[in-house]
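Take the sequences, apply the hints, and build the full model.
Residue numbers for the sequence shown, in UniProt numbering: 1 to 223.
Be careful, since some hints might not be right.
As the list claims (entries may be wrong) - Computed list of lysine-lysine pairs in BS3-like fashion (alpha-carbon distance at most 30 Å, straight line):
(1) Lys124 x Lys11
(2) Lys11 x Lys51
(3) Lys11 x Lys56
Quick caveat, the hints were computed from the structure, so don't treat them as lab data. Since we're looking at a predicted model, the values are computed, not measured.
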Amino acid sequence: MASKTFSNISKEKQDRVLRAAQVEFAANGYHKANINDICERAGISNGALYKYFKNKSDLYEAVIMRQVEGKDEYMRSVVASDASCLGKIRMLMENTQTDADARNDTFRILLQLGTSDMDSFARKVTRRIEATSVKYFRAILTQGIERGEVRSDIDVPMIAHIVGGLCFFLYSGFVSTYHSLRLEEYFGVPFTGKRKSHTQYVDRMLGWLEEILSPAERPGANA
Numbered sequence: 001m002a003s004k005t006f007s008n009i010s011k012e013k014q015d016r017v018l019r020a021a022q023v024e025f026a027a028n029g030y031h032k033a034n035i036n037d038i039c040e041r042a043g044i045s046n047g048a049l050y051k052y053f054k055n056k057s058d059l060y061e062a063v064i065m066r067q068v069e070g071k072d073e074y075m076r077s078v079v080a081s082d083a084s085c086l087g088k089i090r091m092l093m094e095n096t097q098t099d100a101d102a103r104n105d106t107f108r109i110l111l112q113l114g115t116s117d118m119d120s121f122a123r124k125v126t127r128r129i130e131a132t133s134v135k136y137f138r139a140i141l142t143q144g145i146e147r148g149e150v151r152s153d154i155d156v157p158m159i160a161h162i163v164g165g166l167c168f169f170l171y172s173g174f175v176s177t178y179h180s181l182r183l184e185e186y187f188g189v190p191f192t193g194k195r196k197s198h199t200q201y202v203d204r205m206l207g208w209l210e211e212i213l214s215p216a217e218r219p220g221a222n223a
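Shown next as structure tokens:
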């Protein structure tokens with residue numbers, strides 16, 4: 001984690017250092033990331049960086065957790081909105097395009113955590129990363145049940161995991177050729193990264209969620 005020295009420098013300088021590290025980690029991965037390049041991009045010396053962070057691992061963790069904090073703020077605002085359960089899920093799904101454009105490097109780093117050579121680091125940070133999504137996805141579904149918008153007999157943890165997975169698939173499509181082609185193969189719809197294409201995916205996903213979450217009586221339910 002960051003040192004007290006890092007906490008005491010200006011917010012602008014903190015952002016510059018973390019942004020420089022984020023760009024380097026996204027481009028080259030954790031193991032190949034070059035500290036000299038990070039320092040040059042941030043306009044600081046190597047000595048200064050090691051006053052801020054004990055090692056590269058601490059710097060990497062700080063980059064990830066900084067993005068988690070921003071994600072928490074946005075998801076909290078969605079949960080607090082007056083939108084319906086599906087409306088809130090739509091907001092999160094539609095935001096994947098804007099968010100991926102703004103934080104492309106972040107999602108490249110998160111995808112790297114899924115590779116085998118990052119297992120030890122994944123064990124260290126994954127629960128902290130996912131805790132935010134788990135909390136808010138479950139809250140959205142629970143609100144929906146309380147308002148009568150969602151069936152009361154759903155498995156909230158499982159559906160929250162599915163919704164989180166759908167959002168992750170959308171994010172991944174914007175930063176990974178493999179994942180965009182995978183989406184196209186399963187959905188049969190070109191994943192162009194444009195608004196129209198993205199909306200088609202969101203509509204399909206929400207249509208399916210509505211079918212399984214709707215509290216309306218299903219044919220043969222009382223048979």
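To see whether the hints hold, each was checked on the structure:
For a cut-off of 30 Å, the pair hint linking lysine 124 to lysine 11 stands: about 26 Å separates their Cα positions. Restraint check for lysine 11 and lysine 51: the C-alpha separation of about 16 Å stays at or below 30 Å, so the hint holds. With a C-alpha separation of about 20 Å, the suggested pairing of lysine 11 with lysine 56 holds against the 30 Å cut-off.
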